[in-house]
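Chemist: For reference, the chains in residue letters:
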Amino acid sequence: MATGTGEVAAFRNVSKSYGRVKAVNGLDLVLRPGETVALLGPNGAGKSSSLDLLLGLREPDGGTVELFGGTPRAAITAGRVGAMLQSGGLMSDVKVREIVELACKVHPRGHRVDEVLTTAGITEIADRRVDKLSGGQEQRVRFALAVAGRNDLIVLDEPTTGMDVTVRRQFWDAMRAQADAGRTVLFATHYLEEADSIADRVLVLHKGRLIADGTSAEIKARAGARRIGFELHPADGAPADEAVLRALPGTVGLDVSTRADGVRTVRIRSADADAGVAALYAAGLYPRGLEVTSLGLEQAFLTITGEQDLAEQADRTEEEEASVR
Amino acid sequence: MTTLVRLEILRTLRNKRYLMFTVLYPALLYVFFISAYGSGGTVDGGVSVKSYFMVSMATFGAVGAVLTGSAQRISLERKSGWTRQLRLTALPGRAYTLGKIAACAVTTLPAILVVFAIGAIEGVDLTAAQWLGLAAALWLGSFVFAALGVALGYAAEPDAVQPVVMIVYMLMALFGGTWFPVSDSLKGYARFNPVYDYNQLASFVHGQGVATAAIAVLAAFLALFTAAAAVLYRKDARRA
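Protein chains in written order, with full-length UniProt numbering: chain A, 1 to 325; chain B, 1 to 240.
Here chain A stands alone, though its shape is the one from the complex (with noise of 0.2 Å):
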């Protein structure tokens, strides 16, 4: 089987209800060989319900999901995909050497039990009983089971919750490893810096759908990557109306508030900060206080999911008024 080229991964127009809440609504969605690829989105967003599907745990309502060109079970049983879900309970009772063993043994691929405790961090508490470890401790034999054979696909949702900060970067450098030599990985995640600095691609996912896709980059820059921010103050003379500032180049997004004394506060979110300023002089203002800030991917995931909730807000409306009429 070719590992190097073709899909990991499609979904085809793929929809899950349960009961009335659409859960996964339209995903197309298409993973590539050797991509780092980080599911964003907030809580209830679909994440966990997509990773279910691609993974087969649950058949889809419409659309066909496909892992390796084939049904997802079928990548499971050939060992090409590995998981570690948010959900993944562990069997008690058995020693963290033991589970880890099993998952080896039971891997068409499978690697040394020692090589897996090691990639995954866990010799130390090799002989530890897995119902008396702390989370952290929990995620990385889960991080282990997902590990534990030479699979093309790593899949992990939320994978580094209960983790401290140390153990966190201890566990993205593993992650890292894995996707240094060639696997693909997906993971969902609701820490932002850990898609900003990982993912070579995001994946924004909001109630369902896939609202943005491309590299964190791109992202932010759909965002407005920097936000412009100072004073207008009526002494300065030239009291310039609201379009002038709208069409500034690179602008995506404006508020300007107004004090009593006249002074307004002006914050542009703009794709081209430094044309932005550029043309703000050129026009005859004078802008106090002037800052210019980078924004986040979180804030350009909470602009894309906030855009996205007045676009349905207002499709809500119209509708409502339609039905009025």
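Hints are supplied without guarantee of correctness; some may be wrong.
Stated by the list, open to error - As a list, the in silico DSSO-like pairs of lysine-lysine whose alpha-carbon atoms are at most 30 Å apart:
hint : chain 1 : residue 1 : chain 2 : residue 2
1    : B       : Lys16     : B       : Lys79
2    : B       : Lys235    : A       : Lys207
3    : A       : Lys95     : A       : Lys105
4    : B       : Lys16     : A       : Lys95
5    : B       : Lys16     : A       : Lys22
6    : B       : Lys187    : A       : Lys105
7    : A       : Lys105    : B       : Lys79
8    : B       : Lys16     : A       : Lys207
9    : B       : Lys235    : B       : Lys79
10   : A       : Lys105    : A       : Lys132
11   : A       : Lys22     : B       : Lys235
12   : B       : Lys79     : A       : Lys22
13   : A       : Lys22     : A       : Lys207
14   : A       : Lys95     : A       : Lys132
15   : B       : Lys187    : A       : Lys132
16   : A       : Lys132    : B       : Lys16
17   : B       : Lys79     : A       : Lys95
Unchecked claim - Every beta carbon over 10 Å from chain B, so not counted as near; a handful from chain A, in silico:
hint : residue
18   : Arg32
19   : Pro42
20   : Gly89
21   : Pro108
22   : Ser257
23   : Gly306
Worth flagging that the hints you see were computed from the coordinates, not collected in a lab. Where a beta carbon is used, it is the ideal one built from N, C-alpha and C, also for glycine.
Place chain B on chain A using the hints.
Modeler: Just chain B, lined up with the frame of chain A:
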């Protein structure tokens, strides 16, 4: 798959609660019953107290071992997500259930043998063939309850599984001759109680011949519980 089965057996034997409730508890009850009923006495049908309660306490321990070992663990592991984790391995779906049943099969033996050992010390007098036959009959009979345990494990929610198992277990024991012989007026109903039939498997050492009717009813229960377990398992796999 053998790795999983071995691990299931190992962890059950390691569990202290298992040892307490399924090995020590029936053994203590046995000693208590012998003294309460008088060690020289007989119960209905002329069966000696020692022999009667040796069988009923062995089955009590075996049923307890099997029901808690399968029902409780399956239900809890469905909740914790361990069953989901296993579905992400190359193991076939049935491996998990087979592992549980295998663990049950191994863990019933100590429950049976410890009570037998006390019985032998107390003076229950059987031929070697009878001892072996009785142990084999009780061991095989326990599979009926293993199937019931698997079905309950998939049917009951984790918060409810313990009371459900206890109620089922105690009712079957109460009307199955575990703590006192079933009176003649209730025997008509008791025939449909798997624990009663399970106890009847010992009739051949009590000079009452082989209990063919009990074997037939147990076989029917085994088929019923297995079918129920299979249906519930598939339902659970779809829900994941």
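Chemist: For which of the previously enumerated hints does the structure constitute a violation, in increasing order of number?
Modeler: 5, 6, 8, 15, 20, 21
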